[in-house]
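Colleague: Listed below, chain by chain, are the residues.
There are 4 protein chains.
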Amino acid sequence: MDFRPSDRTSEYLEKIKDFMNEHIVPFEMSFLAEQREKNLGGNWLKWEQSPWIEELKSKARERGLWNLFIDSKEYDGMPNVDYAPLAEQMGRSQIASVVFNCNAPDSGNMEVLMKYGTDAQREQWLGPLMDGKIRSAFCMTEPEVASSDATNMQATAALEGDEVVINGTKWWSSGIGHPDCKVIIFMGLTYPEAQKHARHSMVLVPLDSPGVEIKRMLPVFGEFDEPFGHGEVSFTDVRLPKENIVLGPGRGFEIAQGRLGPGRIHHCMRCIGAAEMALELMIKRGMERVAFGRPIIQLGGNRERIANLRIAIDQARLLTLHAAWKVDQFGGLGAVSDVSAIKVVAPNVLQLVADEAIQMFGGAGVSNDTPLAMIFAYARIIRIADGPDAVHRGLVSRFELRKYKQASK
Amino acid sequence: MDFRPSDRTSEYLEKIKDFMNEHIVPFEMSFLAEQREKNLGGNWLKWEQSPWIEELKSKARERGLWNLFIDSKEYDGMPNVDYAPLAEQMGRSQIASVVFNCNAPDSGNMEVLMKYGTDAQREQWLGPLMDGKIRSAFCMTEPEVASSDATNMQATAALEGDEVVINGTKWWSSGIGHPDCKVIIFMGLTYPEAQKHARHSMVLVPLDSPGVEIKRMLPVFGEFDEPFGHGEVSFTDVRLPKENIVLGPGRGFEIAQGRLGPGRIHHCMRCIGAAEMALELMIKRGMERVAFGRPIIQLGGNRERIANLRIAIDQARLLTLHAAWKVDQFGGLGAVSDVSAIKVVAPNVLQLVADEAIQMFGGAGVSNDTPLAMIFAYARIIRIADGPDAVHRGLVSRFELRKYKQASK
Amino acid sequence: MDFRPSDRTSEYLEKIKDFMNEHIVPFEMSFLAEQREKNLGGNWLKWEQSPWIEELKSKARERGLWNLFIDSKEYDGMPNVDYAPLAEQMGRSQIASVVFNCNAPDSGNMEVLMKYGTDAQREQWLGPLMDGKIRSAFCMTEPEVASSDATNMQATAALEGDEVVINGTKWWSSGIGHPDCKVIIFMGLTYPEAQKHARHSMVLVPLDSPGVEIKRMLPVFGEFDEPFGHGEVSFTDVRLPKENIVLGPGRGFEIAQGRLGPGRIHHCMRCIGAAEMALELMIKRGMERVAFGRPIIQLGGNRERIANLRIAIDQARLLTLHAAWKVDQFGGLGAVSDVSAIKVVAPNVLQLVADEAIQMFGGAGVSNDTPLAMIFAYARIIRIADGPDAVHRGLVSRFELRKYKQASK
Amino acid sequence: MDFRPSDRTSEYLEKIKDFMNEHIVPFEMSFLAEQREKNLGGNWLKWEQSPWIEELKSKARERGLWNLFIDSKEYDGMPNVDYAPLAEQMGRSQIASVVFNCNAPDSGNMEVLMKYGTDAQREQWLGPLMDGKIRSAFCMTEPEVASSDATNMQATAALEGDEVVINGTKWWSSGIGHPDCKVIIFMGLTYPEAQKHARHSMVLVPLDSPGVEIKRMLPVFGEFDEPFGHGEVSFTDVRLPKENIVLGPGRGFEIAQGRLGPGRIHHCMRCIGAAEMALELMIKRGMERVAFGRPIIQLGGNRERIANLRIAIDQARLLTLHAAWKVDQFGGLGAVSDVSAIKVVAPNVLQLVADEAIQMFGGAGVSNDTPLAMIFAYARIIRIADGPDAVHRGLVSRFELRKYKQASK
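Chains as they are written, first to last, in this note's numbering: chain P, 17 to 425; chain G, 17 to 425; chain H, 17 to 425; chain X, 17 to 425.
What the hints contain is simulated information worked out from the structure, not anything from laboratory work.
Any given hint might turn out to be false.
The following label-pair restraints were derived from C-beta to C-beta distances [what the hints assert, rightly or not]:
1) H:Glu30 with G:Lys419: 52 to 62 Å
2) X:Arg24 with G:Lys419: 38 to 48 Å
3) X:Thr167 with H:Gly350: 58 to 68 Å
4) G:Asp18 with H:Asp34: 25 to 35 Å
5) P:Gln65 with G:Met45: 54 to 64 Å
6) G:Asp23 with H:Tyr420: 49 to 59 Å
7) P:Met303 with X:Glu38: 55 to 65 Å
8) H:Met303 with G:Glu78: 55 to 65 Å
9) H:Phe308 with G:Tyr420: 18 to 28 Å
10) X:Asp34 with G:Tyr420: 33 to 43 Å
11) G:Asp92 with H:Gly143: 17 to 27 Å
12) H:Tyr420 with P:His213: 31 to 41 Å
13) X:Glu50 with H:Phe47: 25 to 35 Å
Cβ coordinates follow ideal geometry from the N, Cα and C atoms, glycine included.
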């Protein structure tokens, strides 16, 4: 057993830290404040991509800090366990992932295309995504059903001759408000009578297809996460050539399972990076401010709390690294329970750390004077996105009980 | 021991429930959405008081559902323990307190004037406040110091001849963005050399006094709580006649202590009402939505969670009622530890219930399609306002340890 | 609403405190140590009732501190809400309840006889129990089934002519090891085909009936709770006249429900008293011992912990008093959810307080040099006895959900 | 980063599992019951070492499963990270460590002798200990002071000419009741005026030295852990040649620090093994027992609880393995905070798992019919032994804050 990061990881880590400290972190809060100014109550039609971000993207790409999330050998990627510490580092900023072209949902969508796309699909969409020229969305969750059970899905992707016709309403389609968003991966019902996991298809839907309509942007605790946003989108008789189906009709779940392992690891590692940032802010604040004659970090249970948070973060990191390693060794299907476990742990730890950090800051913590409210909102939404805690706990439990059921046969 | 509410409470409770069900709750979400539309990124200069709210206020007053928070016999008030269940009921809506003229900080400011104001002060400010014609703010917390230790306060209220001159910066001045806000109760340092609790004065500051400047509004998790708002305000050589000092120079802490007991009880009971609302929404959602073939309320640990939340709410309510009763029996100073205890318990229970309810709703929970995000934000800020959890735990502990120190003498 | 205890409660409370401080508490630990010495590895055949306890019982009875738990007007009892604070006080000692003839399971068995017994049954058993001359046991839980579901019960109470014939094995029959234990209330299956709650009967079984055999005593974390003990008992063709059935065949559940409300309130209030004792010991220890130059109560999160425990105890007490009041007002069936709620809260709070107190004491806490290990064991077993936490949470949840089911009709 | 265990670990792991399944686990409960029978209320003078254990020790040694805990290269040991999974496996039984001669405190005492002993000391004590022929104790904790602050220690090891004279009272001296216990490592004050960590010496004290008197054995929740026991021991003018001092006078703390890293890792990994065992028992019980028509594992929040426990155990294991790896890489002093972190996490996780498992078993869980009460007691005492949670949290916090203090210079 060896906990040393690979040489490649160490090297990239240094570079990413330097880049972030030099170019991102010092400017982030004022950038976000500016963007919030322009936000205008979620009016996404006026959202713009910032030229500053584009500039940073160019710089990052020049330095080779680009698309590092890729784990496919075909694309010269690195194992998840090696990328994980880089994702953590990026998680210290709420905008860094984008700068390194490693942000959700684009990274997951690129993965889908790499693993399951045809040459034509890759050429049309993967190239521009890898270049960071376009953005994409993923449309799975629906407003009218409990999407925690993916088989509840009501939207349809019906086969008609050479076409696939899609209908339905999706929401929490992240990234769909971005002015550069050009393509959606849409999931819908194709074979209602097939067995539960062979009913759905994933379809590549150009955003400008007739029948696609963005209805509104949804806030997360008041934040619209512009210019990406989380959209509600309706699809009305959207007709596309069958070639837009990924992997084949009825194979949507197969893709979903393949897609979600690494994506969840990225989210979890970013959560850990954000938790480190929140803890750092908390401690520094606690050392600076004085009450009742002492730095507030020394008061009450604060030191104990710091210890508990440190321990919780370290445990969450190790669990996530271990899950990443298992995905690398045994594939996503060999690490389902492990990935579900981190999906529960990491955002909950982040929410806890952010909550405590806010408490140390007082009013400043819930305002936008610190990144804490934003970090908190990130934790909160991740506890829901890609399956709520309850579903993941259910999965962990099912795998645990299965050990004994098999034994008892 | 008798847990039956008084007849007066029962009667008002019925009326308030009816009023809220008929006039407030069904319209609340759309009203808030509308208000959010007009919010324009916290641009308070354009905030307006809604005529709909003014209409509701008239109706409520006609029915005698007005200023019920008053506990002073002089003003024909009722004991805190009798008012508490009414505050709980109002807490089921985020706008009801205003409709019944029972909202913070106006209620607390009215109390200050009732208990400590001169006839002239009462005439000028108390009358219009009790009529709901004007609104007020309370300026205590400061951005540059840990305000959890009130003796850290840096703003000054200096005596110069017949005048008091105030200087400093305050923030989290709730209600100051309201177009009808006309007066501030300001707390500042008058006698820096006096003993710790005799240094500060409270001063009535007309909002239009030269030298008072609202700098910005602060969001709580992205919400501005318009048209009330939480403001940052600077005071620069604001000169007022000495008569604007309440009770007398150096007696600010004395007032603060008197002011905070009932105010905290109101907040806590509103938290409990909001928690009941969140729990109700959670259960209803859990019964309606289906996943894996069963209503989601039946899945995983959901039923157990419902039990835990029910138990937590009931305990918080009883603790708060008991504290209210103690304030009635022994005065605010006879219930310091009790009031601190509820100040820890009630908002934390609310935060927990809101968090779980959000989880049951999924994405809808963090958006503005339900009141849950707003309820969550209310809980979150109450854990900070009027003293953070840590300070109140410290107080409870001090009183607890004191029992044994005295015994050991 | 009035939280003042009744005059009767205040008066008895004073007397009980005085009695306990004078006669019980100072001698308790050495008495228990002595008893443990004689314990001989759970060899209950040699257990003796202590003459010291008998002497205390006489003294208590002389002063009118006797059978105070009775809530039946017929027997000149007092409401549960009035008795509850007395039970709390008794809970500060692990032997006081016995001294005041208020201990489980005798108190519950006396209640059964008062409410449901025939004159003959009362004469034979109730009189001596009320005199504290004999002790009794309650045999319900069985080793071979999940007794949390009472309908799992396998033991039988079959009607044969004028006789009832009982068979089966019971365990956790508390008090059955006592040398004065003379009678058992046994619950068994009579009508297997009847509806679920009309199948079982309760039967009065003299301990010396042929066919009754105590197999062993069960320890709780190594403690046998001598001379009462928790026994495993087998019943083999025990034949008794039908007159020994209480209330009538098939009415066992009816009795069980009536029996458990007050009994659970007593346990919960004793838990609260024990929690107060543990907290007191914890604080005193924390003030006496010094580490790193300060009393350990001042270190780390200890003060905060004290606050949390104080708040938890106060909440548990109020919830229990409220449940007691509801039982008085609406009967046991009108307070099922309330009683289940306290059954979850009170022993869990006690376990938490005891655990923290142990931690403050270090090694002394887990040994028998303090009452803490015993208090901890009491909490731990109460979380199981009379229904485990999970069953009670389930009940609270069922009542909560029912509110909305009815509404939706 | 590579989470694969070393080949050596895998190989030993297989052998240990087989040995335990074949020779230990099936007989453990009846062996312990027998031993408890003979316990006689902590009468250690009659304790005997079981011939069955001695036989198992021979068998284990034959198969090379002996002294595997050794990490010293000089003694052909293996890294801590390689031994850790073996310690976990041993932790599944409460007697296995002894069988493999890997039990505390003997393992720690052997380490001290290996690292700091003279040839003579090693010859006299280390050889027989490594052969499992004798047992030893470690006397550090004292009854009269808060031993969490080791500098509180009052016992003395005074230098007089060629002798060291020791006086004082120690307790929680584990293993001292064992009939084969022949030697104590005693820690006492030698240079009261020296700086805090250079005052104490460690001295090898033959148990039969005049002046050494075992006063009593201390129970942990009623268990005496015979034939090892936890003793209270007085030392009265015990005179020994100076050669019995380990490493040199005043160097006790230096040794203590070196001693505790690996020892704590062993305890933590055993906790994890015990937690796995408790979880396994819990799940099996939950699958077998039926209530309300379903296996109880399916009821309420049980599945969710299983998930939470699985996740908690996995995190604790990874944290402990990582700490072991750090000790291997950077020495004990390079992993102080890491070792403190696991010392908090592992026993707390074990206590939680054991508590939940008990709850699933009901009465059987607190009795001795399952190993759960014993496992619970193990967790409980480990939270106190080798420094209570609070001290370790304090250390973690100190290291965390130090990062920023250094940065701020």
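Colleague: Hint by hint, say whether it matches the structure.
Modeller: Against the structure, the hints come out as follows:
{"no.": "1", "hint": "H:Glu30 with G:Lys419: 52 to 62 Å", "result": "violated (18 Å)"}
{"no.": "2", "hint": "X:Arg24 with G:Lys419: 38 to 48 Å", "result": "violated (59 Å)"}
{"no.": "3", "hint": "X:Thr167 with H:Gly350: 58 to 68 Å", "result": "holds (60 Å)"}
{"no.": "4", "hint": "G:Asp18 with H:Asp34: 25 to 35 Å", "result": "holds (27 Å)"}
{"no.": "5", "hint": "P:Gln65 with G:Met45: 54 to 64 Å", "result": "violated (33 Å)"}
{"no.": "6", "hint": "G:Asp23 with H:Tyr420: 49 to 59 Å", "result": "violated (29 Å)"}
{"no.": "7", "hint": "P:Met303 with X:Glu38: 55 to 65 Å", "result": "holds (57 Å)"}
{"no.": "8", "hint": "H:Met303 with G:Glu78: 55 to 65 Å", "result": "holds (59 Å)"}
{"no.": "9", "hint": "H:Phe308 with G:Tyr420: 18 to 28 Å", "result": "holds (21 Å)"}
{"no.": "10", "hint": "X:Asp34 with G:Tyr420: 33 to 43 Å", "result": "violated (57 Å)"}
{"no.": "11", "hint": "G:Asp92 with H:Gly143: 17 to 27 Å", "result": "violated (58 Å)"}
{"no.": "12", "hint": "H:Tyr420 with P:His213: 31 to 41 Å", "result": "holds (33 Å)"}
{"no.": "13", "hint": "X:Glu50 with H:Phe47: 25 to 35 Å", "result": "holds (30 Å)"}
In this structure, the earlier hints numbered 1, 2, 5, 6, 10, 11 are contradicted, and the remaining ones agree with it.
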